[in-house]
Amino acid sequence: MSIEETRSDFHLLMDEVKSDLLRMGAHVAEGISAVTVALLAGDIDAAAVITTADDELDLLSIEAEEKCVRMLALQQPVAVDLRTILTDLRMISEIERSGDLVSNISKAIGRLRGVELEPRLRGLLDRMCEQAVRLTTLAIDAYADRDAGLASALGDLDDRLDELHNDFLDTVFASRGDRILTTQQAVQLAVIGRFYERIGDHAVNVGERVQFLVTGVLPEHTGATRARARREESSQS
Amino acid sequence: MVDTNNLNALTQEEKKLTIDLSPTVSSMAANGEESTIEPSGAEVVFDVEKLDAFYGDFKALSNVSLQICKSEVTAFIGPSGCGKSTFLRCFNRMNDLIEGARVEGTIKYHGADLYDDEVDPVEVRRRIGMVFQKPNPFPKSIFENVAYGPRLSGVKKSKLAEVVEKSLRRSALWDEVKDRLQSSAYGLSGGQQQRLCIARAIAVQPDVVLMDEPCSALDPIATARIEELITELKNEYTIVIVTHNMQQAARMSDQTAFFSVALDSHGSRTGELVEFDKTETIFTNPHNSRTEAYITGRVG
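Going line by line, the protein sequences match chains A and B. Numbers 1 to 237, taken from this note's numbering, label the letters of the first sequence in order. Numbers 1 to 300, taken from this note's numbering, label the letters of the second sequence in order.
Please keep in mind that the hints were generated in silico from the structure rather than gathered at the bench. Wrong hints could be hidden among the right ones.
[Stated by the list, open to error] The list that follows gives simulated cross-link-like pairs (lysine to any residue, SDA-like), each with its CA atoms no further than 25 Å apart:
1) B:K278 - A:E232
2) A:K67 - A:G216
3) B:K50 - B:Q67
4) B:K134 - B:S184
5) B:K278 - A:V78
6) B:K278 - A:L72
7) A:K67 - B:Q247
8) B:K278 - A:T215
9) A:K18 - B:R290
10) A:K67 - B:N285
[Claimed, not checked] Partial list, computed: chain A residues near chain B (C-beta under 7 Å):
11) T6
12) L13
13) L74
14) A79
15) R122
We treat Cβ as the ideally placed atom computed from N, Cα and C, and that holds for glycine.
Just chain A, with the same shape it has in the complex (with noise of 0.2 Å):
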């Protein structure tokens, strides 16, 4: 049976936000892979191109956001297009903040001027990259094919992408203790480590508001469960 359309301007401004979506997430995986690039090579003026770029990806955000906001008062979604706008409008502020870490990781770049990177730190952070342009990306398609078990397999995903910071920090730490890096380099180099895998951090969000657009069921966490337990627990009492 064809569906027969009847609300076509809503659906369609939806489609251009899911469009738009697509666009911020493409930007900041995009964003990622060059920021590693210039740091790796210490390139200062790559490094201000992607600070000025994350501007677009600001300005994308803002856009996408009046678009669902006008939807919200004006449209009155109900069932699976609440469900996409509440989604649109959490994971506008996730890629958005990806961005801000990228940008965030450029401008750490000056801060390294004059640094020759030891080639386990360097292999761990095109790792890093590698792993946070993966679970950018999975989350993005996830979002675009409505697939909730792609998007619940982030979590797992992304256990990978942590154990790559952990070595990332212990091998900072221990270059600091070789006195290869100063204190102010290593703690420079452990926030760029802490960057990536709050990238990581992002995209889980992502696939957990996918998970409630496919499902209309919210991901509980395991804080969350401990804290309802607590306040069934006191209502009894």
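Chain A is already provided as a structure; the job is to place chain B on it using the hints.
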């Protein structure tokens, strides 16, 4: 057509009785059939099982089963021709008034078969009031329209003015008519006439109020007042409402039933119940793809 708002009137004594003590309806309930209780603890007012509704050879509604609980607002939504108004009229046997109309299956009202031969449909309509889509005031004054039922119910003359004012206030009409209560109801606008009919229906305090698109003629402010009123009334009455306004169903109902049109085994179009669930579920995460398509405007 018979104006059933006349039939909503309950005597004062009857109002004091519980439904189970109704002389006609309770006789079946006493024969071992009792009201059921939902797992949630809510008392079931209507228990519908495998209901078919016909107009002559035309099957308007097919195989509907659902339960309507006490002190809840239940909304029926769906496209035109899906049988939701037909279904609503089954609850107070209004379809009996239509030539060739009949039902198969059962509707139990507080455990008693509503269509049992011993049940007097007039008695049923006394307890299950109805507000129609089109306003149908009596050719009387505004005051008399509201006072008519309570007076028949035995409300003392000295109390009538109080009942009328209360009913008109609750139907968001008082401020507009308080200075012309003795004027003809026909002098009111369409929207005011409808609110007068709502005031008339609730003035006799029925057990259930059926509403067939009651706000379709009202402006947004009056609609909001009526919706607020309905939400207040559900504490005392069970309310079943047919509406084309899905946002209205979402705002004010506890349960929502989505009806649609399907082809039966003979290739004829017939109404069917697609999904019945908590309103929140229907409007955030419906289980049936047809429900989702309808409420999001992607009509299959």
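Evaluated hints:
For the suggested pair K278 (chain B) and E232 (chain A), the alpha carbons sit about 23 Å apart, so the restraint of at most 25 Å is met. Taken as a hint, the K67 (chain A) and G216 (chain A) pair is honoured in the structure, with Cα atoms around 22 Å apart against an allowance of 25 Å. Between K50 (chain B) and Q67 (chain B) the CA atoms are separated by roughly 12 Å; this keeps the pair inside 25 Å, and the hint holds. With a C-alpha separation of about 18 Å, the suggested pairing of K134 (chain B) with S184 (chain B) holds against the 25 Å cut-off.
The suggested pairing of K278 (chain B) with V78 (chain A) holds, with an alpha-carbon distance near 14 Å, which does not exceed 25 Å. About 22 Å separates the Cα atoms of K278 (chain B) and L72 (chain A), which keeps this hinted pair within 25 Å; it holds. Proposed proximity of K67 (chain A) and Q247 (chain B) is supported: the alpha carbons are some 21 Å apart, at most 25 Å. For a cut-off of 25 Å, the pair hint linking K278 (chain B) to T215 (chain A) stands: about 17 Å separates their Cα positions.
Between K18 (chain A) and R290 (chain B) the CA atoms are separated by roughly 23 Å; this keeps the pair inside 25 Å, and the hint holds. For the proposed pair K67 (chain A) and N285 (chain B), the alpha carbon gap of about 23 Å is at most 25 Å, so the pair holds. The closest approach between the C-beta of T6 (chain A) and any C-beta of chain B is roughly 4 Å, which is under the 7 Å cut-off, so the hint is satisfied. Evaluation of the L13 (chain A) hint against chain B yields a violated restraint, the C-beta minimum of about 13 Å exceeding 7 Å.
About 12 Å separates the beta-carbon of L74 (chain A) from the nearest beta-carbon of chain B, more than 7 Å, and the hint is not met. Interface restraint check: A79 (chain A) against chain B, minimum CB-CB distance 5 Å, threshold 7 Å, status holds. For the restraint placing R122 (chain A) at the interface with chain B, the shortest Cβ-Cβ distance is roughly 48 Å, beyond the 7 Å limit, so the hint is violated.
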